[in-house]
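Chains as they are written, first to last, in the working numbering: chain A, 1 to 255; chain B, 1 to 92.
Simulated from the structure, these hints should not be mistaken for lab results. Check each hint, because a few of them may be wrong.
To be verified - Label pairs and their in silico Cβ distance ranges:
hint, chain 1, residue 1, chain 2, residue 2, range
1, A, 233, B, 51, 13 to 23 Å
2, B, 21, A, 233, 32 to 42 Å
3, B, 21, A, 165, 51 to 61 Å
4, B, 75, A, 16, 49 to 59 Å
5, B, 21, A, 16, 50 to 60 Å
6, B, 29, A, 10, 42 to 52 Å
7, A, 203, B, 5, 17 to 27 Å
8, B, 19, A, 203, 33 to 43 Å
9, B, 29, A, 169, 37 to 47 Å
Just so you know, even glycine gets a beta-carbon here, dropped at the ideal spot from N, CA and C.
Here are the chains, one letter per residue:
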Amino acid sequence: MWNSGHTDAYRGIVAAVTTYPAGKGDLIHAYLARPEGAGPFPGVLLIHHMPGWDEFYQEFARRLANHGYTVLCPDLYCRFGHGTPDDVAASVRAGGGVADDDVVADGGAALGWLRSLPTSNGRVGIIGSCSGGRHAVLTASRVPGFDAVVDLWGGGVVVAAGQLTKQRPVAPIEYTKDLEAPLLGLFGNEDHSPTPSDVDRHEQALKAHGKTYEFHRYDGAGHGFFYYDRPAYRPQASMDGWSKIFAFLNEHLRA
Amino acid sequence: MCLMISVSAPVTGSGRGPTGWFRLTQVNVGFDHATHAPLDHALLLDFVNPELGIGARIAVELDLASGRTLVAQLQAAISAAEASEPAIASRE
């Protein structure tokens with residue numbers, strides 16, 4: 001199992017809040033978690049979900065670091081101000097959400113930052129859940145150079161006509177032909193965004209463009225089935241999902 | 001789900017938060033992830049004053065049935081107020 005390491009082989013990690021030069025040259029906050037030691041280590045750009053840059057994402061970063069990845073998780077809402085994650089997320093939501101172009105610019109800058117680290121093995125993946133899953137697909141499609149992308153139940157990859165906004169002017173599925181990195185997607189069959197038919201449409205587009213991908217869909221699971229503090233939590237699907245994430249990242253970021 | 005459903009309107013009134021009363025200037029109504037309510041998604045009612053900062057927010061999370069009940073009760077109270085004080089209601 002992914003969480004059953006050898007007791008004589010545990011490694012230490014270092015975690016801290018830092019800043020990095022993101023899109024438009026802005027210094028924004030990011031949570032950095034990395035293994036101790038000289039490496040080389042693969043990098044992971046971790047994109048937080050719509051509820052914000054919160055405790056769950058710090059834990060998410062440390063979990064990946066504990067498995068040997070240097071993880072950078074930028075605060076995509078940093079430019080909107082600071083407060084509790086739910087207050088900040090509420091303010092961002094009321095304003096229509098963070099702009100796709102800003103997320104892509106911040107993600108592209110983070111890719112270069114991670115790859116420039118002296119401990120880097122030269123490979124960088126991108127992963128996120130909820131809106132972060134959508135942002136991961138979008139960023140990996142618009143910024144060349146990622147080596148793996150993981151979409152955890154990202155809603156809004158497929159967008160109904162008339163639901164595009166100023167902040168989200170193009171549905172990520174429209175960029176499918178530009179996606180170079182292999183894609184792992186995990187979805188709940190009871191989710192309403194994305195619905196199973198949304199996932200079907202995304203899969204059809206990936207097939208049509210000959211992309212490398214693997215989708216896994218879980219019965220009895222809805223949106224956010226990793227979130228242990230919410231009613232949506234599904235422990236068995238979550239454990240299986242984590243095993244698929246680690247296998248996928250190991251295959252594409254350590255080769 | 002992450003639907004990003006959100007609508008806003010100006011309001012006049014006050015609300016009480018952790019640090020006391022403050023003036024309210026806007027209400028945001030959404031339907032998305034719940035932060036505290038034991039629901040996967042909820043009606044999100046945020047009474048805010050953006051001029052006072054991100055933390056100037058009275059947050060309420062309700063299920064849809066409670067939202068419908070609230071709308072009905074608000075309408076009932078408004079109708080009763082207008083019936084009992086037509087002069088005041090006409091000035092609002």
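Results of checking the hints against the structure:
{"no.": "1", "hint": "233(A) to 51(B): 13 to 23 Å", "verdict": "38 Å, violated"}
{"no.": "2", "hint": "21(B) to 233(A): 32 to 42 Å", "verdict": "37 Å, holds"}
{"no.": "3", "hint": "21(B) to 165(A): 51 to 61 Å", "verdict": "34 Å, violated"}
{"no.": "4", "hint": "75(B) to 16(A): 49 to 59 Å", "verdict": "52 Å, holds"}
{"no.": "5", "hint": "21(B) to 16(A): 50 to 60 Å", "verdict": "38 Å, violated"}
{"no.": "6", "hint": "29(B) to 10(A): 42 to 52 Å", "verdict": "48 Å, holds"}
{"no.": "7", "hint": "203(A) to 5(B): 17 to 27 Å", "verdict": "26 Å, holds"}
{"no.": "8", "hint": "19(B) to 203(A): 33 to 43 Å", "verdict": "50 Å, violated"}
{"no.": "9", "hint": "29(B) to 169(A): 37 to 47 Å", "verdict": "24 Å, violated"}
In this structure, the hints that do not hold are numbers 1, 3, 5, 8 and 9, in rising order.
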